[in-house]
Amino acid sequence: MALEVQIRKKLRDFTLDVSFSAGNEPLSILGASGAGKTMLLRSIAGLERSDRGKIVLDNRILFDSQAHLNIPSRERRIGMLFQNYALFPHLTASENIRFGLEKFPREEQSKRAADVIQRTHLLGFENRSPRELSGGEQQRVALARALAIEPEALLLDEPLSALDTHLRSQMEMQLEETFQTFRRPALLVTHNMEEAYRLGAHVLVLSRGHVAAFGPKEELLRHPPSTEVARLTGCKNISRARAHSDHSVEALDWGCALRLEQRIATNSGFVGIRAHHIEFAESTGELTAENTFPCWLVQSSETPFRITLFFSLRQPGQESPQAQSDGPQLQAEVFKERWRQFRDQPFPWNVRLRPDALFWMND
Amino acid sequence: MDWSPLWISVATSFTATVITLFLGLAAAAWRGGRKGLAMALVDGFFLLPLVLPPTVVGFLLLLLFGRNGPLGKLLRAFNATVVFSWPATVIAATVVAFPLMYLTARAALEQVDPMLLQAARTLGAAEWRIFRQVSLPLAWPGVLAGTILSFARALGEFGATLMLAGNIPGRTETIPIAIYFAVEANEITQAAIWCLIDVGISLVLLAGLYYWTHLQAAGRVRWAR
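Protein chains in written order, with my numbering: chain L, 1 to 363; chain X, 1 to 225.
A few of these clues could be false.
[Claimed, not checked] In silico DSS-like links for lysine-lysine, alpha-carbon gap of 25 Å or less:
#	chain 1	residue 1	chain 2	residue 2
1	L	Lys217	L	Lys236
2	L	Lys236	L	Lys336
3	X	Lys35	L	Lys9
4	L	Lys54	L	Lys103
5	L	Lys54	L	Lys111
6	X	Lys73	L	Lys10
[Unchecked claim] Covered by chain L, according to a simulated footprint, are these stretches of chain X (three or more residues, beta-carbon under 8 Å):
#	stretch
7	112-123
8	134-143
Read the hints as simulated data drawn from the structure, not as lab findings. This structure is a prediction, so every number in the text was calculated from the model and none was measured. Glycine included, every Cβ here is placed at the ideal spot set by N, Cα and C.
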């Protein structure tokens, strides 16, 4: 593995205690704000000193607390993209890009600068000062500046969070393009699940300083190892559950019996399903189908193309021994086209929680 | 009329300002943004000349540079004396101007976004280069303001200069000292002329500084490439 990180650092509210390794493909670090993501990047870049641990990049030891070794930031050859871009305001775009190339002869400087300027689509912006550039352009200059030194790893701190929707998708394309040719460890910090999923091959979920999950992104989404990770990855539907057999459970909060494709390891835990995996069946005739239940709509919320439906598996007004409240238990997200097909049907509707979409969590 | 006090004052203030510029910047850069009791003591020490009576500063300088003072002895080994010579006017002016330079330089350097310095580090720049190419160009307006304030302060220095450099016409007699002795000798016209000159120079400097600051704020002057 190209980048190995194993560090411990006491912070004010918790201890950052992280250990992982990253290969030559992008790794998304996902976590709520204040989870220690930025501190992790800064420690790897050498801007922050860890209390204990070891950081190795391609057999090059950058930090080793036992050997009292701490290579300074300027010798680590790690490109860092700061959240606010951190461009030098008194230098032009091209001077910013050349800042890290001082040790090279002039010709080499120009060659490298021209190369990254082309790769980041900044032709024509070379002589602008940062304040004459838009947020997206500034971000590209910052990226070009980091790439110009031909770093051995790239760290990106919330590269998209300050951009509006349109610029964000442009920058996302830029990053994908960059990652394709970069082929070195690239760590991307974000609090947005979709960004993390689109840009990283692997996803590491950070929660209050510890690694809550780490693995290939599809696996992480399909089977989040804990309710914490399920929530952080955007899962809205989680119920306490009791196992009946290896593949069937009783969902206590939802009040239904479910079959799971996944094998269940413990007696009690949680069962979850993502909002966009919930399906609505057409007619009442299918009620006998597997994991299909009558449901009543409680509330709905529209976005331009989708609708979020909050519903309950109990008829309104009916008392239930398990549930404390009569509020919505589940939420589904469906495209409006689909919704129009069943919205005028009388209640109860039929909802289907597919066995392969359900997942089990031990805690 | 003997114009020597004008030239001595300008030469003294100019030399003192150049020295204080380097000392003040070095002290501010060395101090950085550190906190704690030790740093508070350092700040207090550097700012003392601003609040102490000029006579106290002059007396301490005399102790330091006098025949038996530590620095005086050192200089005597090289057959040099400072007390009652032109360099003494420079030393006195430097010491009293230093706090203004230190304060403004420190404030200006602290204004520079630390993120920029960190970005420079990740790009492989050494600390000295970061100071020259990032901190200083960005802090430059504040440093310039400090320089002008220091010059104005050096120009107005009287007490410590009189104690350390005395009043030797043509050598250590600066404008403020010339005014004092003119009044003492009842040469009121002479004193008034020097007063006007002193007020004029200081006013031009300070007004120029403020006007330039306004231009800066309006974005019409761009500094440092």
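Here is how each hint holds up against the structure:
no., hint, result
1, Lys217/L - Lys236/L, "18 Å, holds"
2, Lys236/L - Lys336/L, "19 Å, holds"
3, Lys35/X - Lys9/L, "22 Å, holds"
4, Lys54/L - Lys103/L, "29 Å, violated"
5, Lys54/L - Lys111/L, "36 Å, violated"
6, Lys73/X - Lys10/L, "53 Å, violated"
7, 112-123, "holds (count 9)"
8, 134-143, "holds (count 3)"
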